[in-house]
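Engineer: Take a look at the letters that make up each chain.
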Amino acid sequence: MSIILDHVSYVYDADTNMPVKALDDINLVINDGEFIGLIGHTGSGKSTLVQHLNGLMKATSGTIYYNGEDIYDSDYNKKELRSKVGLVFQYPEHQLFEVDVFTDVCFGPKNLGWDDKKIQLKAYEALKMVGIEDEYFYQSPFDLSGGQKRRVAIAGVLAMSPEVLVLDEPTAGLDPKGRDELLNKISELRRTTGMTVVLVSHSMEDVANYVDRIVVMNKGRVMYDDVPSEVFKNYKELEAVGLAAPQVTYIMHALNDAGLKVNCEVTTVNEAADEIVKALKGRK
Amino acid sequence: MSIVKAKDLTFEYIRRDEEGNVDGITTAIDNVSLDIKEGQFIAILGHNGSGKSTFAKHINAILHPTEGTVWVDGMDTADEANVWNIRQEAGMVFQNPDNQIIGQVVEEDVGFGPENMGVPTEEIWQRVEESLKAVGMYEFRKKSPNHLSGGQKQRVSIAGVLAMHPKCIVFDEPTAMLDPNGRKEVIRAARALNDVEGITVILITHYMEEIIHADKVFVMEKGKIAMEGTPREVFSKVDELKALRLDVPQVTLLAYELKKRGVKLPDGILTKEELVKALGL
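Those protein sequences? They're chains A and B, same order as listed.
At position 148 of the first sequence the residue is numbered 147 (numbering that gives the first Met the number 0), and the sequence of numbers has no breaks.
At position 184 of the second sequence the residue is numbered 183 (numbering that gives the first Met the number 0), and the sequence of numbers has no breaks.
Just so you know, these hints were derived from the structure itself, not from any lab.
On a predicted model such as this, the values are computed, not experimentally measured, just so you know.
There may be inaccurate statements among the hints.
To be verified - In the DMTMM-like style, the derived pairs of lysine to aspartate or glutamate whose C-alpha atoms are separated by at most 20 Å in a straight line are:
| id | chain 1 | residue 1 | chain 2 | residue 2 |
| --- | --- | --- | --- | --- |
| 1 | B | K258 | A | E236 |
| 2 | B | K259 | A | E274 |
| 3 | B | K241 | A | E236 |
| 4 | A | K176 | B | E256 |
| 5 | B | K183 | A | E270 |
| 6 | A | K57 | A | D23 |
| 7 | A | K176 | B | D72 |
| 8 | B | K263 | A | E270 |
To be verified - Counterexamples of contact, computed for chain A against chain B with all Cβ distances above 10 Å:
| id | residue |
| --- | --- |
| 9 | F34 |
| 10 | K184 |
| 11 | Q246 |
| 12 | I250 |
| 13 | N269 |
We put the beta carbon where it would ideally sit given N, CA and C, even for glycine.
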């Protein structure tokens with residue numbers, strides 16, 4: 000699996016007197032099995048970008064290749080692309096509508112024209128993948144808790160067996176524990192299925208704890224594309240464009256400035272604690 | 000002076016089936032008593048479903064107690080005659096910026112509240128100007144709300160509430176849908192309103208860093224108050240907060256992890272400056 004974005008640009012309202020270039024010459028490669036964090040301030044182009052990945056929006060210029068094929072080719076099967084690249088929008092539970100949980104999850108696969116047996120098997124597997132117990136299958140989706148509804152909505156996308164899962168702010172509105180549970184679930188899913196995952200988020204802490212690569216967008220362009228520790232080194236530049244590094248980064252820099260020689264490239268609390276203990280011992 | 004007071008407050012949501020028969024009862028607030036003094040900055044934390052939003056809706060009389068009483072500025076919220084006065088004294092800002100703005104132009108939206116209160120026209124425009132300046136959005140007064148970012152929209156919503164000259168503003172997860180910049184703007188506006196204008200602020204949030212300057216923190220769980228105290232007191236209890244599905248600011252968590260690894264540190268460290276000092280650096 001690979002997605003290649005080649006000089007992709009997108010202009011909103013191109014033929015009006017207020018055109019907005021939401022994507023400006025994006026060149027990006029998404030490799031098989033990667034766990035990518037896509038961050039950027041409001042208006043940076045990240046939602047526009049992810050909607051290009053499954054062909055929902057079409058680039059104004061440039062091309063996108065899925066597994067080496069040009070998705071803008073007249074012969075290309077766009078419908079299939081949408082099942083291969085599963086997009087989960089923000090507040091996905093707003094999309095739930097069926098009489099019961101199981102039927103709602105079947106909706107996607109049904110639209111792909113699969114036979115009944117396959118639909119039901121995929122729906123069942125998807126619900127199990129997100130940790131929804133059997134007892135909830137025939138309940139109304141509206142009777143579930145917020146976190147459960149969200150997982151059912153994600154199952155609705157997983158049931159189509161995507162190769163790439165794109166989640167736009169999946170933890171918005173969840174409480175801290177809910178956030179941890181969902182992200183752990185997504186991480187686990189990736190480990191067991193080998194799915195490629197793109198996580199769009201504002202939360203640096205969330206992203207730092209889970210992803211292996213971060214793409215930072217600013218004003219429609221890619222500003223950084225690297226491993227978390229490298230990206231967060233540029234915390235001053237990130238701040239200048241309305242973002243921030245994880246709190247841990249600032250704490251480590253403050254300690255360093257005060258004279259404790261610690262590695263400022265750690266991005267999680269546990270790493271930071273180990274580093275500080277090491278540095279304190281080193282002083283004795 | 001109490002601005003918001005609750006005594007033995009209980010609230011039950013009653014679920015009914017299609018025929019109107021009672022299907023189930025959820026006790027969302029269970030015998031809560033508290034007292035918020037004028038001018039304070041209060042934070043209410045709790046996992047989703049703990050009852051905090053339900054409590055917030057009692058403050059501006061959107062909901063009435065099933066049992067017990069809530070007073071806002073001395074007025075009983077269950078008394079119909081008080082409702083509009085209460086809503087003018089206690090304003091509310093909700094989570095979704097898009098759900099609170101109705102004007103086509105920023106200054107019109109902000110003027111909506113005072114207009115409904117029957118404030119004379121001249122004074123409406125004065126209040127609109129003051130309120131927009133208080134949240135740093137005056138230069139956007141002629142713009143369409145559609146072109147604003149989330150944080151800007153929330154600030155316009157705050158201005159709209161401010162224009163009614165409330166004594167108290169309840170913020171129900173106002174930053175949940177915003178990026179880090181937007182979050183900072185909204186919290187800065189809320190703190191300025193409290194520090195400078197003396198408006199009582201009640202902030203409901205999941206973001207622990209937003210409330211380290213609060214005067215008092217209440218933690219709700221299953222409709223009851225599970226913990227209360229200053230931010231320092233509450234955030235010291237990391238294990239208890241984790242059991243309640245909550246977080247602490249990263250620096251507090253870091254200090255806790257360091258203590259586990261044998262480093263001697265006091266409880267309740269809230270900022271990186273405090274950590275630096277506590278480590279003797």
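Engineer: Does each hint fit the structure? Answer for all of them.
Structural biologist: Cross-check of the supplied hints:
1. B:K258 - A:E236: violated (33 Å)
2. B:K259 - A:E274: Answer holds: K259 (chain B) to E274 (chain A) is near 14 Å, not above 20 Å.
3. B:K241 - A:E236: violated (33 Å)
4. A:K176 - B:E256: holds (18 Å)
5. B:K183 - A:E270: violated (27 Å)
6. A:K57 - A:D23: holds (14 Å)
7. A:K176 - B:D72: violated (35 Å)
8. B:K263 - A:E270: Holds, at about 18 Å.
9. F34: Given a closest Cβ separation of 21 Å, the condition holds.
10. K184: Consistent with the label, K184 (chain A) stays out of reach of chain B, its closest Cβ about 16 Å off (over 10 Å).
11. Q246: violated (4 Å)
12. I250: I250 (chain A) is in fact no farther than 10 Å from some Cβ atom of chain B, at 5 Å.
13. N269: violated (7 Å)
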